[in-house]
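S.K.: Chain residues, written in single-letter form:
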Amino acid sequence: MYTHATDAGWISRTHRAIAPFRLQQPTTPSEVVQALIESEDSSIIAGGIDLVRRMRSGNSQDTLIDLSAVSGLREIEDHAGFIRIGALATHWDVETSPLLAARLPAFQAAWKTIGNVRIRMTGTVGGNLMAAERAYDGPVLLGVSGAKLVFLTDGGEVKIAASDGAGSYPSRALLTAIEIPVMPNAQLGFDRTLKPVVSVAVGLVDQDVSVGVGCAHISPFFWSGKVSEVEAALASALPEPIDDPMGSAAYRRRMVTVLARRLIRHLHEGDAS
Amino acid sequence: MSGELAFVSCTVNGVAREFHVRAEEMLIDVLRDRLALTGAKLSCDLGACGACTVLMDDKPVSSCSTFAWQAGGSEIRTVEGLAGADGTLDPVQQAFVDNSAFQCGYCTPGMIMLARALLDHDPSPDRDAIRAWMGANICRCTGYEMIIEAVENAAAASQEAGK
Amino acid sequence: MNKVSTDLHVVGQRSARKDAVPKTTGTATYTVDVSFPGMLQAKVLRSPHAHARITSIDASAAREMPGVHAVITRDDLDGLSPTYGYFIKDQPIVAMDKVRYIGDAVAAVAAETELQAVAALERITVEYEVLPPVATVEDAMAETAPELFEEEPMGVVPAYGQGASGARRLGRNNCYRFSYETGDAGAFDGCDHIFEDRFVFSRDQHFHLEPFVTVARMDGDVIEVWSSTQNPFPLRKELARVFQYPENLIRVRVPYLGAGYGAKNNCKTEPIAILLARKSGRPVRFCMTMEECFLTQSQHAAILDVKTGVMADGTFVARYGRILLDSGAYSDASPLVAEKAGYRLPGPYNWQHLDIDCDCILTNTTPAGPYRGFGGTQAAWASESQIDIIARALGRDPFDLRMQNVKNLGEAYVPGESGIDSDLRAGLQVVADRAGYDRRASGEGRGMGVSIGFKDAGGVNKPAQARVRITTTGGVYLECGSIEIGQGIHTAMSQVVAELLNTSADRVVYPELNTDYTPFDQGTNASSAIIVMGQAVQQATLEAKQKVMDFAAMELGCDVDEIELDDWCIRKGNESHPLAPMIMRYYGGTGYEFSGAGYFKPAMDHSAPLETQCVSWEFGWGVAEVEVDRETGLISLVQLVVSGDAGRAINPLVCRGQDEGSAIMGLTGVLFPCMVYDGATLMNGNGLDYRVPLATDIPDGFSSVLQEQGHGPGPFGAKSIGEGCMLPVASAIANAVEDAIGVRIRELPLTPERVLAAIDEAAE
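Protein chains in written order, with the working numbering: chain A, 1 to 273; chain B, 1 to 163; chain C, 1 to 764.
It cannot be assumed that every hint is accurate.
No more than 30 Å apart at the CA atoms, straight line, and that leaves these computed lysine-lysine pairs for DSBU-like [unchecked claim]: (1) LYS59(B) with LYS226(A); (2) LYS59(B) with LYS112(A); (3) LYS601(C) with LYS462(C); (4) LYS601(C) with LYS547(C); (5) LYS462(C) with LYS572(C).
Rather than coming from a laboratory, the hints here were simulated on the basis of the structure.
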């Protein structure tokens, strides 16, 4: 509610009540990790969109570690078998990348639906993931694309599958890049028309499918398997969705199946999603 | 309970400016309170509505959610800097005037800067591109059609004038 | 003046608005931009409980905090009459005995910075005895429901005329009932078919981008209040009563408003700001956050039970209506909204018998108040939906059934009322033609629906005054209390004055509203400006003009009939006599001003149900075309065509903006979730989660058509524009959904889940 609660009541704060902090501006990823380790109470700021919202709610930290001076984290690069997107690439960088247009056009097209032009020009891919917001599409799209998230920790580089979710992100680590495999027959579909109630993304390689569900649970749900098993699997494996006045669990559950089925059918029939 | 100070230098509407700001100070307050540039308005205070939109290095940003230090080294443009020194309105401003593309006017500075950024980026956008871009900012009064037409007309007028 | 003249050169022009340059260059001043040296920031502590008694409150620690100059709790209200409201004065400046909704103001602080104010509020301790809340109308009316007000607050029931009546406290948490009855209840007995339906209307929030904001300061003995308000004169009167202070020592100043849509009427941020300013001796700014606005005012959700009797041939005969308005925790304008929701339920159709009750039910939620449409939106949702239900049951086209039953131009709305001042059939044809209704695709998931939105316009018994002054060199001051809230009224009024004086609109200056100088006006609301204030402005202009002409005739030694006024020159035959030299010759080199006063108020008339006849009637005709996804319930809007009758459009661009803006605003309550409550807790009360229409939601098939039928009571035949096109949107879309998939939905919003549930139910 962007209000701040005491026992006596609620106080609605503006941005002017954001608690003071110290600012650190490291210039390399290693310096960032060192700053994270040395500071007891710090947050990283990239574009700042989610962080500022939380600070307005009353979240505070001793130190803000600003990434804007860190070089080397914004490139979108072609590697053998995968594309590497630097964590500080903005959504706009993704949307306008000629490399992605050539190699991952469906991913680029889906990513373009995130937010609006103000958000996309400032918000970063890494920030979208690290925010771990239920309504965000980034984690869902990356999860079904088989992406890996690359973190730099004190002990070196750690890669985790995007579909493992924010719960597996290492602590005191810097997300440096996202690696998305490029596979010849891979297709991607995304349906966000029922947001904020539920969204579904589907990654398809022949008869292998990865289904990602957004908005309907605390964090995105992923399932992978054969196309022929999708509906049965979703019926049994889908955890109970959130039930609230915005949407019932039953409706969310039902739409997951409807949207997944449709996306798969469209992809098989060659329709653009 | 004082915060850290940061030193920020940037240009605002073409003029070099320097500030000492607290780390937690927002760009909108520097613009409104120190520079008397009150066009940018505070509304949702969450970066959602866009009433506070200014241009930072040609990008439309929510000044309510941009720390002043994030503007260091940048070129900031606000609605007050669009008109010429002789008062001639920017084509976007003129189009908003001619098309009555505003009502209460509270979203208007932000809308105009958003449109300015679009035409800087793409001088002849089609209607779908205009709608998609302008969908970033909320207007509660107009129903948007007259705004879309104003942007179309501004693009056409600019093309004609060879700008 | 009821004729449409074709010989006009200012009225009817698409001229640039008077506020165009200020608003497009960032120089327009709003209350949020007002600042004074030493100004303090006010912050409010709000109740975390929906319903609780305050057993103790201790702000002593807060008063000692750094930077704090004033603190208010219930202990600081001595000498005041500390509750305000419309008919019922039930809302306290800060909570006294109880808190009645989450967000209810408990205490307030003025400090040098916001951080200091917040730190001080955090030091206030409050002990609550939590009481069971009633979050819905049904809960609030139950036998065992706790009463929000154990004792009846002070209040009045106004006088009503023929057929209308009001009453207070008729049941649990029922703070007001408006009733209207005409004809004979036996009319139902003669009907061939009776239809009974329950409709549910959702609660929208105004979402004006400029929040509620006030800057208050003491200027000697004068309490000066800069406020984002739509009705400064009633506000002044209410503040005078609350603060037990002379009216003429309270000065309300109103710059541009960043919109209001009805929310900005009567006390909002003013009492707290004033009290803090008096206690601190410093100017105080109280500016709410958007989240606080959601906790201050909303639209009325409603349950409408409508029973309608018709003949087999489709003739409407009788209607019984019982409306329950969810009024939130304080009565606010609910009794007035009840009057209009009840009064507008019949729609612009012929009836033999009407029997309507509209009750205001208090619940432990945000207080509901004036919202564009003012009960007409809720009434049209029910009435225009049911007409389609009736049509389909009778095997009739819904368009035809409306054409059959709608009132003729000039027919009295109900006995004792003024006549309808638009040709309703012509208007419906306009939107049907534009949308291609005759050739519509109907069924298989695609369909069209029509609706006629309707409300009375001009307020009730509304007085307005205006003054026009003209300087030696022909500069004009238009002094009137109509506030520029975005509707373009400064521009339209200036065009009217300029036309009447045969000069250009840029010679007309509209001074800032200041209750010390501006003539009295009841408020910028009820779609009344051009038709009520417009008549006062016209009279003031003509009186000033008459004085000029009489003076010129005297100076020229001729008859007034021999001369004409033309751009501050007097034309006599072929001669042209500039006025400035003439004026200085007579009045001296220091010049003079001519002035005229105008006044308008409809006459008292006890045979009219609302004690005066309605000044005018506002219509919004609408056609919607939708596609419905039967697997998800998602509605895609393909077309939305709306039209209003401006009578005579003073400025067609301004009129178009009102028609389109109101229509799109009306989409909020239909296609998007609105205010979502989990019990008494609002879930989406902020700028990120609350879904308002964006440019990307507008289909290519959205358009408006401006009609000028010429029958209005305003200058040059003008009629109101500003609310009409919001009214048909919800029902037009629901009617289109029925046309598309054969399923009728009676509850808003039409979320995909609700539509799918209706599809499932129809399939069983």
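S.K.: Would you mind marking each hint as holding or not holding in the structure?
M.R.: Consistency of the hints with the structure:
no.	hint	result
1	LYS59(B) with LYS226(A)	44 Å, violated
2	LYS59(B) with LYS112(A)	17 Å, holds
3	LYS601(C) with LYS462(C)	6 Å, holds
4	LYS601(C) with LYS547(C)	23 Å, holds
5	LYS462(C) with LYS572(C)	40 Å, violated
In this structure, the earlier hints numbered 1 and 5 are contradicted, and the remaining ones agree with it.
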